[in-house]
Each structure stands twice: as C-alpha cells, then as structure tokens.
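Each chain, letter by letter, is given below.
There are 2 protein chains.
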Amino acid sequence: MLQDRIRLSSLLDKVMSPAEAALLIKDGMTVGMSGFTRAGDAKAVPLALAERARTEPLGITLITGASLGSGIDSVLTEAHVLKRRLPFQSDSVLRAAINRGEVMFIDQHLSETVELLRSNQMGPVDVAVIEAAAITREGGIVPTTSVGNSATFAILAEKVIIEINLGQQIDFEGIHDIYIPTRRPFREPIPVVSPDSRIGLPFIPIDPAKIAAIVVTNQQDSSAATTPPDDETRAIAGHLIEFLGSEVRKGRLTERLSPLQAGIGSIANAVLHGLIESPFHDMTMYSEVLQDSTFDLFDSGKLAFASGSSITLSAACQARVFPEIGRYKNRLILRPQEISNHPEVIRRLGIIAINTALEFDIYGNVNSTHVGGTHMMNGIGGSGDFARNAYLGIFVTKSLAKGGTISRVVPMVPHVDHNEHDVDVVVTEVGLADLRGLAPRERARVIIDNCIHANFRDLAEDYYREALKHGGQTPHKLAEAFTWYTRLEETGSMLPK
Amino acid sequence: MLQDRIRLSSLLDKVMSPAEAALLIKDGMTVGMSGFTRAGDAKAVPLALAERARTEPLGITLITGASLGSGIDSVLTEAHVLKRRLPFQSDSVLRAAINRGEVMFIDQHLSETVELLRSNQMGPVDVAVIEAAAITREGGIVPTTSVGNSATFAILAEKVIIEINLGQQIDFEGIHDIYIPTRRPFREPIPVVSPDSRIGLPFIPIDPAKIAAIVVTNQQDSSAATTPPDDETRAIAGHLIEFLGSEVRKGRLTERLSPLQAGIGSIANAVLHGLIESPFHDMTMYSEVLQDSTFDLFDSGKLAFASGSSITLSAACQARVFPEIGRYKNRLILRPQEISNHPEVIRRLGIIAINTALEFDIYGNVNSTHVGGTHMMNGIGGSGDFARNAYLGIFVTKSLAKGGTISRVVPMVPHVDHNEHDVDVVVTEVGLADLRGLAPRERARVIIDNCIHANFRDLAEDYYREALKHGGQTPHKLAEAFTWYTRLEETGSMLPK
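So the protein sequences, as listed, match chains Y and D. If you count the first sequence from 1, you need to add 21 to reach this note's numbering. If you count the second sequence from 1, you need to add 21 to reach this note's numbering.
Because the hints were derived from the structure by calculation, they are not lab data. There may be inaccurate statements among the hints.
Identical copies carry no separate label here, and so any pair may be met within one copy or between two of them.
[Said to hold, decoys possible] Below 25 Å or equal to it, Euclidean Cα-Cα: the simulated SDA-like pairs (lysine to any residue) are:
{"no.": "1", "residue 1": "Lys231", "residue 2": "Met398"}
{"no.": "2", "residue 1": "Lys490", "residue 2": "Glu501"}
{"no.": "3", "residue 1": "Lys271", "residue 2": "Glu298"}
{"no.": "4", "residue 1": "Lys231", "residue 2": "Thr203"}
{"no.": "5", "residue 1": "Lys180", "residue 2": "Ile201"}
{"no.": "6", "residue 1": "Lys490", "residue 2": "Thr507"}
{"no.": "7", "residue 1": "Lys231", "residue 2": "Lys419"}
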C-alpha cells in the first residue's frame, strides 16, 4: 500500500515519525511549507514542532503558499514558534500576535515570494515540508489539493520533508502542472496562452537525495466555512451579472466572457453561483482558489475549464467532489501560485478579476488588508496580482458592517492596497460604479450615487462638498479625511449621534 | 526632397496646411496624438486646432503617449480645447486647469491606455495625429524621437493625419521596433527576452487609405530642462551605487547589473550619471525615456544597449547626438510604450527600476502624483508598470523641499501610488533603506533611521511612538496622521514653531 504512494523504493527507509522529522528543523531556520487557503498543507510536522517548542527554544521564519488549515498557525503562534511569517495568513490567534507586533508578518503579492527567494533577495530556505499524494519512481513529488509555493520550496531547500497523506485521493495525480520560470537574465516567455495550457510536469522534480524524511498522515484538509448567499450578496451578484451582460451587448465580451478569477469568501462565491443562472456559457476560470462554486458551475454545464493553485471546499462539497476528482481531471489544472497569479499570464489572458474589498473610498482606492488602517486582517493575497493586470479589476463589498455602524464606502481609505489606477469597477448591494475612463471627481459622483448606503450618503456628500472647496484633481479635506474612523473609535459608530 | 520623406507617391496630394488638416477634427471627438516626454509630438495641427477654437466651439478628448512639448498643452488649455486628457501631462497651465476641475484628467499606467482602447473599454479614436520622419513606399509610418502610443492610435483611428517633420533626422528610420500584441483571447507571448530583442517592424503598418492629411513641419523637439547634479542628488546617487555594489558582492547581481529603468528628472539623471564612474560595465537599459545620461553612458563605454519609447535630451545633447544618431542605431531600440512598459517584459527581464517619489512614508508607501494629497503634479507615468514588476523597485527623493519647510518623508502619505507591497528600496540624500523582507514596523525603523532629515527625525519618532500605542501591523494614529500637512497649510511649514 505505502509502496503505491512511495514508488522510489530507496526512500522507504526515510519514513519516520513527525517528531523525528521535525528534528531537521532547528531554531532560527527558514522553513517553506505547503498549503494554500487551507488546502494541501503539511499537517503533522508543524504540530510536532510546536510540541518540541515546549521544551526548547525554537523560533522560525515560516513561509507558505497562503493560509493554512487545522489551526496550525494558532498552534505555532501559541507555542511561540513563529518569529516571521509570510506571505499570507487568515488565523485569528496569529492575527492577534501580528497586531501586537510579536510576529513580523510580511504581506506580499502571492506571485512574488518565490521570485524573491530564487534571486536570493530573501532566504535561503533551510527545510521544505510538503504534503504529497505520492512520490514517483523518479523521486518526483505529486502534490495534493494545492501547489502553492511547494515546487520552489522543494527545489531551493537544503532538505525536504514529505508528508504522504493517505487521506488525499491518489487520483489528484495528473492534475498538477509544475512549471518553473527559467532563471533571469535568460528567462523565456511563460507559455500559458489559455487556461487549459499544460506547460510543465505533473510532479515536482527534485533530486530524491534531498528528501531527508517522510511522514505518513491520513487526514482531510480543513473544510471551508461557507456562508450561504444572503440578500446583499445576491444583490451584488445581480449587479455584476447585469453589468457583464451589458458588456456583452456592447460587443466588448462574448457570452463566454473572459477567464474568471474570484477571490475567496462568501461574496465572490455568491457571484460565481449567480453565473449558474446567467446567459453566459462555456466559461473558463484562471484563478487561485477553486471553491464550491467552481464545481457547481462544472456540474451545471456552464464551465468548460478551471485553472487554479488550490481546491478549497466545504465539507459537503469535499465529500461530493474529492472521491470523484478523476471525473473532473480533464477540466482542471493546479499550478504553482507564481503561474496562477503571474502578471504576464493575467495580462495576456485578459482576466475578469473579482476580489473582495475590506472597504473602498469615494475615489476608488481599495483597502483589502488593514482594519481601521492599522490592524492586519489576512493580507493582500493575489488581489494585487490580478487587479493590476486584469482586463477588468472588480472589487465587491457589502456597503455596511457591524449592524450598520460602519460604512464600507468612506471618504478616504486609511490604507491603500489597490489604488485608483487599478480599480475598474466597484460593487455593493446598493449598486455598481463603472470607473473606467473617469477622472477622480467623476468617480466620486458615481460611487456616492451608486454604491454608498443611504444612511451614509448625506455624510459623504457633505465631505465631498467641503473637499471640493479645497480643489485639486482628487479633492480632500485632510483634517477631516478620517473623522469617520475617529468617531467610530470614540462612539462605536461612524454615524454621528 | 519631400519625395524622400513621402515615398508612396499617391499620398503626395494629401499634403495640406495644418489648418486644413485640423478641419478633420470636430467638436466632441477623441484624438490620439503622438508625443512622449516632449519627444516626437505633433507640432502644427494642435496649434491650428487652438486657433480654430477662437471662433467655434471645439472641445476634444486628447490622448497622447505622455507629456507634450512646445507648450502645446498650455495653448490647448487656454483655448478650452481640452475637455478630457490622458494618460499623463507635465504642463503648468494644464495642471492648474486640472486642479480647478476644468479638465478631466485620467491618470493611467502608461502601458494600459492602448489596452483599454483596443478592447473598446475607452474610445473609439476618431483621428490620430502622428509626427513621422517618413512614410514608406508601403504607406508605413516611420516615427521620429518617440513611439509612445502612436502605433495603436494610427491602427485604431478612423482617420490619420501625419506631420512629416523635416527637422527630425531621417536617420531615425530603423531605430523603431513596432510590435502590437495579438488580440485577446488569442494573445501570444510578447517575444522580448532581452533589451536588444527586435520583434516587430521598423514602421507603423496601416492602410494608407486612412491617411487623410499630411502636414509638413520643420521644428526640433522641445529640449529637456536639465538641472545639473547638486550635493543632494550626488549623495543619492552615491548611496544607490554603493547599495548596488553590495548586491554584487552578495552574488545577487553581476557587474553588468540587470537592465536599468530610470524615470525622468534630475535625480534619476544624476544616478545614471553616477554610473559612469562606477565599477559596473556592459550595462543595458530597458526604460521608457532615454535622457542625456543614456548617451553619456554610451560614450563612456559603460552601456551596451538601450531600449526605450522616446529620446528626450537637453539642447546641448540634442545638438551633439541627433546629427549622429546613425552612429548609435545598432545600440538603440524605440518601442511602443505598451512594450517598453509591459508588465510581462519587465518581470521577465528582472529590471532595476529607479523612479522619483514626490514623498514616501515611514512604512514605505509612495506618493508620486498628488501634492498635499489633492493637487495633481504630472501623473503616475510608467512608475507603476515598472515598480510592481521590477527585480528591484527603487524610489528616490530629496529629504526636504521648499527651503526645509517640507519633509519628503512623512508619517502617512495622503495619496498612495505605490504601496508597501511594491517598494523595495527608498533613498534620500540622508541615506538608503532596504525594505525587502521587512514587516511594516521594521520598515519604519530603517526609514526613520536612514532616510528622514535630522530636522524631522524627532517629530517622526514622536508620531511613531504614539502610533505604537495604538498597535497593529502598521501602527498609526489616524487623528494625527496628517498634522504635518495641516500645519503646513496653516503656518507654511511642516515644522512646529
């Protein structure tokens, strides 16, 4: 049985316990671990590390693809193992430690981390810990539900620990397409010309001599917590689908649309679900995370092909899809996140990118990361890779939060992740603002008219009127730009008493 | 003589006066004009338009490559011809009208304008006005000192007006490399793999039947106003060259460095001049504007090849270089700005991008465009195309302005063009901060320690200390984030009395 998963027989004697494998990781090391949006993360070695940290000093720099599942970031944070963490996380315990300044968190565009490692601008990677479905006869590593940064971690690391997860379907083999850009200054074009372009190998090619330990696990990925569509998310989806329909009528898009990317979360998921009932057909996705909606679109016959870097599903969808993953195999590719998110490919394919904003301002600047301008939520993820280079950079959010005390459309965002140059369309349940080709004063008009909640509209009008007196390309009154935030802090609401 | 420049004889009867040609442009039209950083701009037809606007209503949307010379934007603004203007400008009269809200200015990444036009998300382009050195026997347009957006304007426009400028050297023929990406969804990789890759035609290929008018001019480009290096710009250059040297010693770069891009302006020019005395050699440039420093580097034997979209020189350098441009031809390529600034190519080549910041903040966010957060200076230009995708995104500025009353390093920039995710290194004459791999709190430390002027250091420390009490990934005290600006407005200085 294990020989089906570890096919290079010389590696069978590398099988050991997680605790033994974890001994390869020493205090002060930089460790690259698999895992992207809870999918395909290393599940045993990190826990063994946390256990060891109870009795000896053990602090590491942890680099992953994106967020991990199974509360691993919580456990590692509580054990004080994490000194530095990049490029993304979505863990409440880690988040609190980051915001206390205890863990140094480097929030990066998800396509860029391996570029920095490869050029020796960060690193080196001492140890890689990679979950795999199998190791081939040649010593190639077959990933599981995500590729993330695993390929480059394994290639660059001094030593590699493999977690063979018997709980992951062996049928994932063949879904992955591992391509590593050639080294600059001799880099060739990345040959992806369509979401279904296969350009690499179905496994991560490394020297098997680097595989220093193999750990056997048997555990499903953490499932995604899905929130069912509600009136607001359905309204957002409705506005967006109507807009895409009008783009088709204007001859800018065909009914196949353009390859779709959707960020993680309930709004993006609701938008994609909305496409099931839309007039569009034979659609494709070129995204990072494939969620329930991808498989619902497949099953509805609307989706022809999906490329991503990970598959993150609800428990119900996991139970439905994973045992039958072979059935989807000819319509699916999982790529390194460097390729799924590569500016070159995104610009070439002409992607429609739909990402969730934490908030946006009346000029179309988007905050994706910092609550109140200061406290990290999760990180920018791939939203910058996609929005900057997309055919259409779309940001969605509900207009209100916290029972209506907070407006998600504000005079000035206190942290900018995507600026006016990169944001084409913003949508709330109130409506949609098409910002393309508009000057800032024109954008303020359509955003206030179309997107802000009625409860905050007069307040926004007041600010904008005062700002206009000050003049400029982008009128602001700096002394009052953040009064909605200071009021929130003082009174618990952005609304005046 | 004219037959040497207009080689397709059927076009000779299209020669007419600027006033006659300008009649092709009607009120309400969208017009694409050649011109990038004063180079290769249409010089006669825009003035004829302004003249006509004295007697009839004539308002247009004007799209160019980048800034124009000869005060053309001033003349057009004063004649109220400009209703909308994009994607860049650097004219004081136009700037004032923009900031009064009279001209709608759309500030775009310079690589993106033609992408939006081609996909019909903006436009259509009614008339293109293109300066040319010649028209070939096939009707191909040979540009002059810039390519900018001229190729796509000419291809997309209903009608094309050519300004044959006898004052531009015919020897420019052969320098240009005109490549237009194929239409999505069938776009091929852009085959530039090195600054010297020639991938297109030496002229703009259009149907000669579209050439509706030809105007003959005889006028040099406006020369660049150059400021000689001073102590501060020399210090900035020194810090940067020392940094690049340390990157070579660490094995991250070779002594050839990586292809260089430098924004326009005296600081970038001083940095490039500094390279003449550096240990680096056989360097290349993959930039947008080639300035005096490019030719000084050629003449010093340090530079092997330069690719750009325009050549903008001082009067003295024009007089020296242009008559001998043939001598440089095998080391020079001028490309469409879509290609010189293309994210795909910039990421592939691994460019060292050096751009001027208006100001930056203690966390490494850069404002390139908005004075005081509200008033447009010139526009983002290509800095976003380059910084986001560069191997190294470097921003330079003097630490002080206006006789020391203004600090160019502030607690929070009131407009963000390049955020923490895109800025690798910041430099003032005080020193250099290498931000790679640092969390925001760590960045604040090195920026305050290395870059801010001593007169503002305590003030910045005070702000940061207070901000730390508030906590977060990126500590701020929003109520006081802009007090330096409000103090400047009230007292004329960012420094307290």
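Verification of the supplied hints:
1. Lys231 <-> Met398: neither (36 Å within a copy, 55 Å between copies)
2. Lys490 <-> Glu501: Answer is both: 13 Å inside a copy and 22 Å across each meet the 25 Å cutoff.
3. Lys271 <-> Glu298: Within. Shortest intra-copy distance 21 Å satisfies the 25 Å Cα cut-off; inter-copy 57 Å does not.
4. Lys231 <-> Thr203: within (21 Å within a copy, 43 Å between copies)
5. Lys180 <-> Ile201: within (19 Å within a copy, 45 Å between copies)
6. Lys490 <-> Thr507: Answer is both: 23 Å inside a copy and 15 Å across each meet the 25 Å cutoff.
7. Lys231 <-> Lys419: neither (48 Å within a copy, 49 Å between copies)
Of the numbered hints given earlier, the model fails hints 1 and 7; all others are met.
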